[in-house]
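Peer 1: Here's the letter readout for the chains.
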Amino acid sequence: MTRENIEKTINGLLIEEFEIEENKINPQAHLKDDLGLESLDFVDIAVIVQKEFGLTLKGEEMTSIRTLENLYDYIYTCIQKK
Amino acid sequence: MVDYIHNKGFQGVMNRVVITGIGIYSSIGKNLDEVRDSLMQGKSGVVLDKERKEYGFQSGLTGKLDRPQLKGILDRRSRVCMPEHAEFAYMSTVEALKKASISPEYIRENEIGILFGNDSSTPPVIECVDIIRKTKDTTMVGSGSVFQSMNSSVTMNLSVIFQLKGVNFTISGACASGSHAIGMGYFLIRHGYQKTVVCGGAQEVNLFCVGSFDALGAFSKREAEPEKASRPFDRSRDGLVPSGGAATVILEDLESAKRRGAQILAEVVGYGFSSDGVHISVPDVDGPLRAITMALKDAGINPGMIDYINAHATSTPIGDQNEAKAIDAIFKNSKPVISSTKSMTGHEMWMAGASEVVYSILMMQNSFVAPNINFKEPDEFSAKLNITPVTIKKEINTFLSNSFGFGGTNSCLIIKKFH
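Top line first, the protein sequences correspond to chains C and L.
Residue numbers are given in the numbering used here: position 6 of the first sequence equals residue 32, and the series is strictly consecutive.
Residue numbers are given in the numbering used here: position 36 of the second sequence equals residue 54, and the series is strictly consecutive.
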């Protein structure tokens with residue numbers, strides 16, 4: 027999967043599932059401060075990442091993911107290692 | 019803080035408790051107007067659910083209602099944490115708060131509590147267990163499951179959505195849950211612990227939530243005629259029809275209601291409760307008799323002052339018979355008009371004690387008694403009661419609402435027109 031596809035999938039899910047306004051989505055967007063996501067939402071993001079990409083996000087890994095770019099990078103790196 | 023606690027009620031305080039808001043979301047209507055019309059017309063909300071037959075249910079009969087569409091009304095976080103009966107309760111509570119003219123600003127500035135009756139939340143529990151069994155990974159359950167699964171799901175969700183700051187818990191008393199919730203709210207206000215409490219009952223409506231109940235063979239098998247299946251007190255009754263939804267009843271201290279100029283719909287004057295202490299599923303006569311007597315004593319009235327009884331009667335052979343015996347023992351001289359609205363709605367279980375207060379208040383406001391539909395021929399016990407099979411015009415000043423549940427829990431409420 028290309029990085030572009032990862033970004034497109036994640037962005038689509040944030041807009042559709044999490045009802046985040048499209049104009050707020052950009053790589054530098056902070057998940058909590060800019061997108062308004064909270065700790066409970068990260069539990070659902072972990073489910074989505076598992077379903078879409080077959081990756082298990084652990085709690086300690088989630089804490090280092092602060093921006094959308096961090097999330098794209100994390101998924102891309104994990105897929106490359108597969 | 020000490021003063022605050024000391025000011026929150028003490029022995030001897032006896033506030034009058036009034037109802038300033040009601041709301042309903044049920045199989046016979048999604049708001050007060052629709053439900054009032056259904057009650058007047060004797061309209062049934064019962065259908066045959068073919069999916070239940072595919073799952074091997076002995077009875078596929080159920081009250082039918084759709085889930086409200088809350089996307090665009092509530093944010094995702096709120097919706098993800100709500101099972102269907104919390105959605106029903108959201109709808110009935112929005113209507114009740116509006117009726118009571120209680121605004122978000124008033125809620126912010128005043129301590130308002132919430133007490134709801136609820137005794138199950140089935141699909142979220144099943145879905146959670148299915149995911150864990152399949153994936154062996156609890157993170158796949160997601161964030162909403164725990165909040166949807168708990169018995170207190172309705173009160174935890176609504177207290178957050180409406181930002182309520184007072185008492186906040188759920189009462190599980192089987193099919194008397196909703197009635198006990200109103201009774202407990204009444205006690206808290208009467209004795210000065212709360213000024214306003216959002217009370218109610220909620221009941222999920224899905225096939226899995228009543229599978230274990232169906233196992234007992236307690237449901238009507240009259241599947242060819244769904245609308246005739248729930249026939250409380252009728253000689254040919256053969257079981258109850260499960261149903262559900264939610265009802266909200268806003269209780270308020272009279273002085274507080276007057277101060278803010280609220281419209282007062284009725285007054286709660288009596289609450290009686292008891293436990294049969296006899297059998298897990300077979301209702302007794304003595305327990306209900308004691309609960310009715312306690313409610314009358316609490317209200318300080320004699321049986322002759324009750325104009326209408328909204329019976330618990332669910333359409334089971336033994337339950338209706340024993341309630342008829344208890345009612346006859348107390349009301350044999352005055353013979354107030356009686357109907358079981360479950361003949362139309364089916365048995366709304368955890369919700370029933372609250373919804374039947376709403377139904378009875380609608381009757382009180384519009385001067386009629388809703389019919390006990392399908393009551394064609396009495397048995398020897400119901401023959402002694404004044405049960406109406408048709409809608410009748412009648413001024414109701416005071417009514418009694420009976421609710422009984424598994425384990426022999428009994429709750430009786432007496433409500434009066436406000437004077």
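Wrong hints could be hidden among the right ones.
[Claimed, not checked] Among chain C residues calculated to face chain L with C-beta under 10 Å, some are: (1) N37; (2) L39; (3) E43; (4) D67; (5) E78.
Derived by calculation from the structure, the hints in this document are not laboratory data.
Values in this document were obtained by computation on a predicted structure and should not be read as measured data.
Glycine included, each C-beta is placed from N, C-alpha and C at the ideal position.
Peer 1: Look at each hint and say if it fits the structure.
Peer 2: Structure-based check of each hint:
| no. | hint | result |
| --- | --- | --- |
| 1 | N37 | violated (16 Å) |
| 2 | L39 | violated (12 Å) |
| 3 | E43 | holds (8 Å) |
| 4 | D67 | holds (7 Å) |
| 5 | E78 | violated (13 Å) |
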